[in-house]
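Student: Listed below are the residues making up each chain.
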Amino acid sequence: MPLLEVKDLQVRVEEREILHHLSLTVNQGEVHAIMGPNGSGKSTLSHVIAGKPGYEVTGGEVLFRGEDLLAMSPDERAAKGVFLAFQYPVEIPGVATMTFLRTALNAQRKARGESEYSTPDFLKKVREVAKSLSIPQDMLRRGVNVGFSGGEKKRNEILQMALFEPSLCILDEMDSGLDIDALRVAADGVNALRSPDRAIVVITHYQRLLNYIVPDFVHVMSKGRVVKSGGKELALELEASGYAQFEDAA
Amino acid sequence: MNVVVAKTETGRALSDVFAVARGRLPGTSQVADRRRQAFEAYERLGLPHRRIEDWKYTDLRVLMREVQPLPAAPDAAALKRAAAALKLHAIAGVRRVVLVDGVFAPKLSDTADLGKNISIRTLREVLEAGDAALQAQLFAPDNSDAMVALNSAMMTDGIVIEVADGAVITLPLHIVHIASGAAPAAMFTRSLIRVGKAAGVTLVESYIGAEGAKAYQVHDSLIVSIGDGARLDHVRLIEDGREAFNISSAVVTLGAHAHFNTFGMNTGSLVSRYQATIACAGEGSRVETNGVNLLNGRQHADSMLLLDHAVPNCASREIFRAVVDDRAHSVFQGRIIVRPNAQKTDAKMMTRALLLSDEAEADNKPELEIFADDVTCGHGATTGALDQSLLFYLRARGLSEKEAQALLIQAFVGEAIESIANDALRELAISAAQRWLEARG
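Note that the protein sequences, when read in sequence, are chains A and B. Counting from 1, one number per residue, gives the positions in the first sequence under the numbering used here. Counting from 1001, one number per residue, gives the positions in the second sequence under the numbering used here.
Simulated from the structure, these hints should not be mistaken for lab results. Careful, some of the hints might be misleading.
On the chain A side, residues computed to face chain B include the following (Cβ under 7 Å) [said to hold, decoys possible]:
#	residue
1	74
2	75
3	78
4	79
5	90
6	92
7	95
8	104
Distance ranges between label pairs, derived from CB positions [claimed, not checked]:
#	chain 1	residue 1	chain 2	residue 2	range
9	B	1376	A	192	29 to 39 Å
10	A	110	B	1128	57 to 67 Å
11	A	192	B	1427	38 to 48 Å
12	B	1402	A	192	31 to 41 Å
13	A	114	B	1073	49 to 59 Å
14	B	1084	A	147	18 to 28 Å
For every residue, glycine included, the Cβ atom is placed at its ideal position computed from N, Cα and C.
Between the sequences and the hints, there should be enough to build the whole structure, so can you do that?
Tutor: If you want it as structure tokens, here you go:
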């Protein structure tokens, strides 16, 4: 059974159809890249999979391990193993990062009927992961993302990914706003999480990110549907010829 | 011309209560005179209503439909119920002084081994045998506000605390007001704390109802004087029963280089009103006043703070947060007065309300009256709902809707709670907020 199956998905926002009959299948262990110009519906797809309010699904379905994902609340999806790394992670003043991480991790574990982490185990785990991502301890004591640089915010997303151990990771424009060094640190973090029982979907506008996170499959989106799928060489092809050819195909 | 004040049913009933009670209210003949004057002032004013600007949002003629009789002195059964309630709200590491149904309860209080630096007496004692200056201070609040005047007329008991010059009292004092619930009753109390020069002390006030205590009324007032160079930390926690009324006031005067840090949190009572007048009367004094209302159901809570900068070089900070759910109503009225010679005043006030339902209401009324020209004064007021993008982020990380809301609400009130200097008391406020959040389900 595929991990994620998007079948014939149609999505509207305020009367405007953003996704038209979109289909996509992702299996465990695979890394997929979804590329496309601005406005092609890439972020909408990631939001609908994560359960963000404000989107109206008018047709099709999204199955996660065969279960109807669209019938679940965002927190149920998270507990099942769906993780969206946000393009613009929000700042939450007054909620310490450490408190947030522990509350979220334990909420997911509780929903799955697992025991909550003990404080020493949790701290040990967070410290290990933070160190591998070069996240300083004082960042964990600050409010969630408050005063973080763009790179720090993205690293904080990957820190959460590493802690929560989701089976499906969707990275929405992870490279936006990152310089080359920050990008490399973030990409190394993601690569460390590649595993046979986890799938990663990388949404990006540019081929650059795919030099660091090398995908097994590349899909090109245009005007709300997947117009071409192929191997990693498709990304290079796009880099050379641009998206214009697909705008017409859509 | 004679003006005839139309009296409401409640107003008339109160007059009857005073007529019956005056003979047994404690105090010397001078005190009795002052009570009579205060009651006459109250009768002229009548119960406050919405056309009186300070009471605009809290019309007692509508809200306070009936006035209850003064309570009987607590009997053994009442004290037992009070003791059970006290157990649930006990704080470790404090010296506790308890008023049950408005009367000092020595058996529930700890006034042993006070030492020479602190004196604790009952209001009754002081009104009956205290020195004239202290009695005058107890009647210091003027009778221009009807409910303060009524409290002056009817005050039955309370706690009078004096801290000697230079004494730093490490053990916080905790005044607990308990309604035993024997029968619906109106309790009138007044307490006073005089902090000597360069002294330091912490005062906590809690208001609770015993199990079964329903529609009781608390009428309380606190008179505070903080000597030159002294510091008072003050925490008020209103956890009264959900049908109770709590009408309280405070009058605070700071000497030179004195420091007053006060925090109030209201999660209880059906209708509550707190009016505090804080006067910076000595140069270089500093005030931090922080408040949190956590309201749901049909609760109504009105806080009115008046900061009076009367002399130069004083600073004040006000932070107020209201979280309002269901059909509850929160009111914050903050007034800052900077008198003509109070140059170099630094006063800031920030009030924010969070509405959790479409029918919740929050009114913020900041007022600045500035008569000096070299001052820094600022205020801000916001009202809004929880940020949907923050809620989604938290839910995408596995928090349920209630858990996500609870985390954001805690963060919202956190800034005000963090102002509490004493660690144990800060934890107490945090746990009171958590109890409220858990009760939301």
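Student: Starting from the hint 57 to 67 Å, judge whether the C-beta atoms of residue 110 (chain A) and residue 1128 (chain B) obey it.
Tutor: 60 Å, holds
Student: Under the criterion of a CB-CB separation shorter than 7 Å, is residue 104 (chain A) in contact with chain B as hinted?
Tutor: With Cβ-Cβ at 4 Å, under 7 Å, it holds.
Student: Identify whether the interface hint at residue 79 (chain A) stands, where standing means a beta carbon of chain B within less than 7 Å of its own.
Tutor: 5 Å, holds
Student: How does the Cβ-Cβ distance of residue 1402 (chain B) and residue 192 (chain A) compare with 31 to 41 Å: does it lie in that range?
Tutor: 34 Å, holds
Student: Let me know if the C-beta of residue 75 (chain A) comes in closer than 7 Å to any C-beta of chain B, holds or violated.
Tutor: 5 Å, holds
Student: Regarding residue 1376 (chain B) and residue 192 (chain A), is the given constraint of 29 to 39 Å on their beta-carbon distance met?
Tutor: Given about 51 Å between the Cβ atoms, the range is violated.
Student: Does the closest beta carbon of chain B sit nearer than 7 Å to the beta carbon of residue 74 (chain A)?
Tutor: 4 Å, holds
Student: Using 7 Å as the Cβ threshold, decide whether residue 92 (chain A) counts as touching chain B.
Tutor: 6 Å, holds
Student: Starting from the range 49 to 59 Å, see whether the pair residue 114 (chain A) and residue 1073 (chain B) falls in it by beta-carbon distance.
Tutor: 57 Å, holds
Student: Any CB of chain B closer than 7 Å to the CB of residue 90 (chain A)?
Tutor: 5 Å, holds
Student: Any CB of chain B closer than 7 Å to the CB of residue 95 (chain A)?
Tutor: Constraint on residue 95 (chain A) satisfied, holds at 5 Å.
Student: Cβ-Cβ distance between residue 1084 (chain B) and residue 147 (chain A): within 18 to 28 Å?
Tutor: For residue 147 (chain A) against residue 1084 (chain B), whose Cβ atoms are near 48 Å apart, the range 18 to 28 Å is violated.
Hint compliance for this structure: hints 9, 14 are not met, and every other hint is.
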